Structure formats: structure tokens, C-alpha cells
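**Q** Listed here are the chains, written in short residue letters.
Number of protein chains: 4
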Amino acid sequence: MKKIIAVSGSNAGDGNLTEEILKIAEETGYLIAKKGGILVCGGLGGIMEAAAKGAKKANGITVGILPWDREAANSYIDIPIATGIGFYRNNIIVNCADCIIGICGRWGTLNEIAMAMGIGKPTIIIDGSGGVSDLLSKKEFLQTFKKSPIIVKSPKEAVDKAFSV
Amino acid sequence: MKKIIAVSGSNAGDGNLTEEILKIAEETGYLIAKKGGILVCGGLGGIMEAAAKGAKKANGITVGILPWDREAANSYIDIPIATGIGFYRNNIIVNCADCIIGICGRWGTLNEIAMAMGIGKPTIIIDGSGGVSDLLSKKEFLQTFKKSPIIVKSPKEAVDKAFSV
Amino acid sequence: MKKIIAVSGSNAGDGNLTEEILKIAEETGYLIAKKGGILVCGGLGGIMEAAAKGAKKANGITVGILPWDREAANSYIDIPIATGIGFYRNNIIVNCADCIIGICGRWGTLNEIAMAMGIGKPTIIIDGSGGVSDLLSKKEFLQTFKKSPIIVKSPKEAVDKAFSV
Amino acid sequence: MKKIIAVSGSNAGDGNLTEEILKIAEETGYLIAKKGGILVCGGLGGIMEAAAKGAKKANGITVGILPWDREAANSYIDIPIATGIGFYRNNIIVNCADCIIGICGRWGTLNEIAMAMGIGKPTIIIDGSGGVSDLLSKKEFLQTFKKSPIIVKSPKEAVDKAFSV
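Just so you know, the protein sequences line up as chains A, B, C and D, in that order. Take 15 as the starting number for the first sequence in this note's numbering and just add one per residue. Take 15 as the starting number for the second sequence in this note's numbering and just add one per residue. Take 15 as the starting number for the third sequence in this note's numbering and just add one per residue. Take 15 as the starting number for the fourth sequence in this note's numbering and just add one per residue.
Do not rely on the hints blindly, as some may be mistaken.
[What the hints assert, rightly or not] Here are the simulated DSBU-like cross-link-like pairs (lysine-lysine), alpha carbons at most 35 Å apart as the crow flies:
no. : chain 1 : residue 1 : chain 2 : residue 2
1   : C       : 175       : C       : 161
2   : D       : 160       : C       : 67
3   : B       : 71        : A       : 17
If you're looking for bench data, these hints aren't it; they were derived computationally from the structure. Values in this document were obtained by computation on a predicted structure and should not be read as measured data.
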């Protein structure tokens with residue numbers, strides 16, 4: 015059975031994405047597919063699109079769990095799952111994945127990471143990717159919780175962890 | 015963008031499945047894939063497994079929207095989406111598909127068909143496939159409603175309709 | 015702990031409601047409250063409004079699990095729960111209740127009744143109230159299933175059953 | 015129409031609750047009810063129980079949106095809504111409320127606050143109540159986001175804001 019890895023991160027227009035951060039997402043998607051994993055994400059733009067683009071470069075399979083309609087799917091999504099339940103769909107992304115990788119992000123990513131941690135799903139954060147991912151990587155943040163996500167420094171480390179947890 | 019067609023029907027053990035009915039489901043799945051569609055179903059046994067088996071014979075893609083854990087997926091499912099929300103997952107099956115084909119079935123299928131009709135999703139019923147599908151094909155039943163599902167007599171007719179509605 | 019009884023039935027505008035049918039719903043709501051139960055419904059018009067009106071006449075508590083916004087709640091709802099998930103909210107109505115009473119209805123009611131039967135929630139249908147409730151009361155219909163809902167002939171019988179199952 | 019105010023915070027056993035923090039929750043619940051609001055929460059222990067206890071002292075109405083079964087409801091809940099969808103129920107708490115007040119908390123509270131901020135629901139955090147609420151009140155945290163929750167210092171200030179936003 016193939017591993018299913020979720021990538022969670024900012025949508026296009028969230029205002030905290032740079033070319034460098036999008037490259038991190040693309041490389042993460044590429045490595046997930048290269049190792050034979052299925053990429054799951056929220057199906058929209060920004061980090062989600064970059065990760066899906068990377069996965070397709072390695073001929074992987076990409077699933078987009080969309081908030082409302084299928085038309086919002088980015089062009090690298092093979093399997094668009096239009097849920098019609100908006101923000102609630104974040105739960106499906108987290109639930110269906112073997113583990114989740116956080117890259118940059120704002121409130122939506124924080125919502126997904128918090129859910130993943132809350133239900134005990136292996137959670138990996140790429141430190142240095144900006145947004146809430148950088149925040150979640152800080153000691154002051156993590157000491158608030160009994161359990162912490164796994165903090166990594168690169169896409170390679172993230173995907174290696176994703177396949178070994 | 016590929017068509018996404020949902021097949022809804024009895025699980026194994028529902029007690030109303032025969033070899034003949036399973037052949038109907040398998041042929042339906044086969045034809046969906048043959049025409050380039052993605053098969054979505056509930057991912058479990060019975061009609062869902064037979065439809066997925068058929069789709070894989072035509073090298074199609076199969077998605078199983080599962081009630082709880084991924085382990086319950088039948089062996090023909092490429093993309094298992096483990097939702098963790100039980101019966102609620104029926105709504106996702108209906109919502110993400112372009113149209114839904116009902117084959118045999120009991121309460122779960124009736125739940126999905128009723129939702130599909132309620133939200134105006136094209137709904138096709140194979141008359142002669144047993145269970146609630148036969149019931150839903152009867153005039154006495156259909157006259158209770160303002161709008162009716164499309165009643166067909168064969169997998170071929172069902173899939174042709176699914177790609178033309 | 016108070017009993018929670020769901021009433022499921024046609025919305026205003028579904029086109030199959032008469033004064034007589036609305037009286038059945040109102041009396042059902044009245045009796046639920048009279049016996050100390052909490053009425054749960056979909057919060058909208060038609061059967062839902064009539065049942066809530068009846069419950070308030072007996073000083074009961076009424077909960078409306080709404081598909082989208084709170085503004086859609088009828089004026090007899092004490093506790094509007096605006097879910098923002100449309101048709102999916104039917105599942106919450108069924109799930110949170112001790113038992114469900116079907117009155118008249120179309121596809122939405124059929125969806126709720128089918129879910130209730132599917133998850134083994136006690137389900138009571140008032141025969142003679144029109145719509146899918148009359149359909150579900152017919153032998154030809156029920157013989158399709160292994161388990162049947164409880165068929166009753168009056169609000170009094172429905173509510174007595176609801177408090178004894 | 016009555017205001018519906020959600021209180022989000024640690025469950026009993028989360029390990030970050032003190033008598034003082036529980037008093038904050040109880041006073042918040044009391045003030046919500048005193049002002050005529052309906053208290054909505056997750057229905058379990060800890061902050062949820064303390065807030066509901068406070069609301070009942072002021073003869074308020076308390077709604078518990080429960081993850082699974084009704085039996086888990088604390089003894090101050092008037093209306094237990096057993097959803098059967100686990101962590102997904104957090105979304106209903108956020109969605110049905112006019113605004114949400116965060117007190118202490120861990121991953122579950124962070125999940126709810128992040129969703130509330132993500133969908134633009136007025137969000138109030140009591141600084142000094144411990145857990146993620148203290149974290150969310152810090153400048154280093156908030157500067158990660160374009161929009162911030164409202165940070166207050168006391169239950170009175172929180173509830174005043176809740177009725178004026």
C-alpha cells in the first residue's frame with residue numbers, strides 16, 4: 015500500500031510566499047512522488063500547487079481535497095475531491111494521510127497542524143519555510159505542548175522522516 | 015478534466031448480492047474507466063469492490079472514500095481516502111462526483127441516492143440490479159417526488175448517460 | 015438526561031404539505047415537549063417549523079441544526095446550530111438524537127431516514143403523513159430491507175414509541 | 015435572537031489547568047449567561063465544564079458539541095449534540111457561534127482558534143489564562159498573521175467584547 019503524505023501550507027495570495035519557499039514545496043512534492051508516495055493537499059494554489067507540480071515532475075499521483083468546487087483545483091491535481099464543506103475539509107486532508115508536512119502557512123495550516131497533533135498523526139514541520147512553520151519550530155512555542163511536531167530543515171529531511179515514521 | 019463517476023451499492027455481507035449483480039457492477043466500473051473516467055466509491059466490498067475491479071481491468075483510476083480506516087479498502091482501490099467520519103462520508107462520495115450510478119443497495123445506497131437527488135446531482139439507477147435500485151425504478155416510488163433519477167437497464171446505458179448528462 | 019427526539023420532514027415549499035400534515039407535525043412536537051423531550055430538527059420551515067411550534071406550545075426546548083446560516087432558522091427555534099455544511103448537516107440531526115420520527119418528506123427526509131436505519135438509530139415513521147413517510151410504510155418498500163423502521167399511525171403513537179425504544 | 019458565544023479551552027487531563035484558570039472559565043461562562051447569551055462549547059471537562067458551570071449559575075443555556083457520544087457530556091450541559099465525528103466537531107463549535115473566546119488550551123483550542131481566524135469569525139483570547147491562549151497573545155506570534163485575534167485581560171473584558179463585536 016502506497017504511503018499517503020499530506021503537504022499543508024499557504025494558498026496563493028496569502029502574502030507570505032516567495033520563490034524560495036515555493037521551491038521548498040515543489041521539492042517536497044517531487045521527493046514524495048519519487049519515493050512512491052501519493053501527495054495529498056488542499057488542491058488550491060501557493061504551497062499546494064507547488065507541491066503538486068513537484069510530484070507531477072516525478073510522475074506521482076496528486077490528490078486535492080477541495081473546500082468547495084472542483085474548478086478551484088490547480089492544474090497539477092490528478093484527483094480533485096470537491097467536498098462542499100469549506101474549512102471542514104482540512105480534517106479530511108489530515109485524516110487520510112499517513113503523515114503531514116507543514117511548509118510556511120497561516121491560519122489554515124495552523125488549523126491542520128493542530129488537528130494532526132491533536133489526533134496523534136505524525137507531523138513534520140520544515141523550519142525556515144516561513145509563516146506558521148517557522149513559528150511552530152520555535153522552542154518558546156513548542157514548550158506549551160506535551161507533544162511536539164518533528165522539526166526538520168529541508169525537504170529531503172522532511173520526506174525521509176515522512177517515510178520512516 | 016476527467017469525469018468523476020461514483021458507483022453506489024451494497025457492501026459485501028448486505029445479503030442481497032448475486033454473481034449476476036456483481037457482474038453488473040464490474041462491467042459498470044470497466045466502462046467508466048474505458049471511457050476515461052475516474053471511479054469513486056465507498057471503497058469497501060460488494061458492489062464497491064466489483065466496480066473497482068472492473069475499472070482496474072481497463073487500467074482506470076479508483077478512489078475509495080472510506081468511513082473509518084484505510085485498512086478496510088478493497089484491493090482494487092488506488093487512492094484510499096480514510097475520512098474517519100463513518101456514514102457522513104457518503105456525502106463526500108456524492109459531492110465529489112459528476113454523477114452517481116446506483117446498483118442494488120440497501121440503506122446506505124438509499125442515503126447516497128437521496129442526497130444526490132436532494133442536491134441536484136445527476137443520478138442514474140440500474141433497474142434490475144436488485145435492492146433499492148429496483149425499488150427506486152418503480153413508478154409508485156418515483157411519483158412521490160418532483161424530480162426523478164434517470165432509470166436505465168444496463169451498465170452500458172448507465173455509463174453512456176453518466177458521460178452525457 | 016432528557017430524551018432528544020429528531021423530527022424529519024418536508025421543508026416549506028416542498029409542495030407536499032397540507033394543513034392536516036402540518037397539524038401532525040405540530041402535535042408531534044407538542045407531545046415530545048410535553049413528555050420532557052428536547053426537539054431536534056433541521057431548523058427550517060414546513061414540518062420542521064410546525065414541530066418546533068408545537069414544542070414551544072408545551073414550553074419545550076427546540077434545537078435547529080441548520081445547513082448554512084442561522085438566519086434561516088424558523089421563529090420557534092431556541093438553539094440554532096448553524097453548521098455551514100449544507101446537506102451534510104442531516105447526519106448531525108440523526109446522530110445527536112435518541113430516535114427520529116419521519117413525517118411526510120421528500121429526498122432530504124429519505125436521506126435522514128436511510129442514515130438512521132443504516133447506523134441502527136431507532137426510526138419511527140408516521141404512516142398517513144404523506145410523502146416518503148407513506149412510501150416507507152408500504153410492505154413492498156420495506157421487504158427490500160433486512161431491518162424496518164417502526165410504522166405508526168399517529169403523533170401520539172410515534173411519541174410514545176420514541177420514549178420507549 | 016440570542017447571542018451564541020463559544021468558549022474553547024483545555025479538556026480536563028490536558029495537564030495545564032489550575033484552580034485559577036478554571037475560575038477564569040467559570041466567570042466567563044457566568045457572564046455570558048448573565049448577559050443573555052447561549053454558551054456553546056465542546057461539552058467535555060476542564061475549561062468546557064467550568065464555563066458551563068458558570069453559565070448555569072446565571073441560569074443560562076449551555077450547548078455541548080460532543081466529538082462522539084453524549085455520555086461524555088459534563089453535568090452542566092443542557093443540550094448535548096453528539097456528532098459522532100470526533101475532532102471534526104471543532105468546526106461546528108466555531109461555525110455556530112457569533113464569536114469564540116479562547117481560554118488556556120492546547121492543540122484542540124489552537125485548532126479551533128485557527129479555524130475561527132481562518133473563516134473570519136470574531137475571536138477573543140484571554141491573555142494570562144495559560145496554554146495556547148498566552149502563546150497567541152504574544153507579539154512574536156501574532157506578527158506572523160495578517161489579522162489578529164482580539165487580546166483581552168479578563169473574563170469581563172472578553173464577554174463585553176463578545177457582545178459588542
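**Q** Hint by hint, say whether it matches the structure.
**A** Here's how the hints hold up against the structure:
Using a Cα cut-off of 35 Å, the hinted pair residue 175 (chain C) and residue 161 (chain C) holds, with the two alpha carbons roughly 17 Å apart. Proposed proximity of residue 160 (chain D) and residue 67 (chain C) is contradicted: the alpha carbons are some 45 Å apart, above 35 Å. At most 35 Å may separate the alpha-carbon atoms for a hinted pair to count; residue 71 (chain B) and residue 17 (chain A) meet this at roughly 23 Å.
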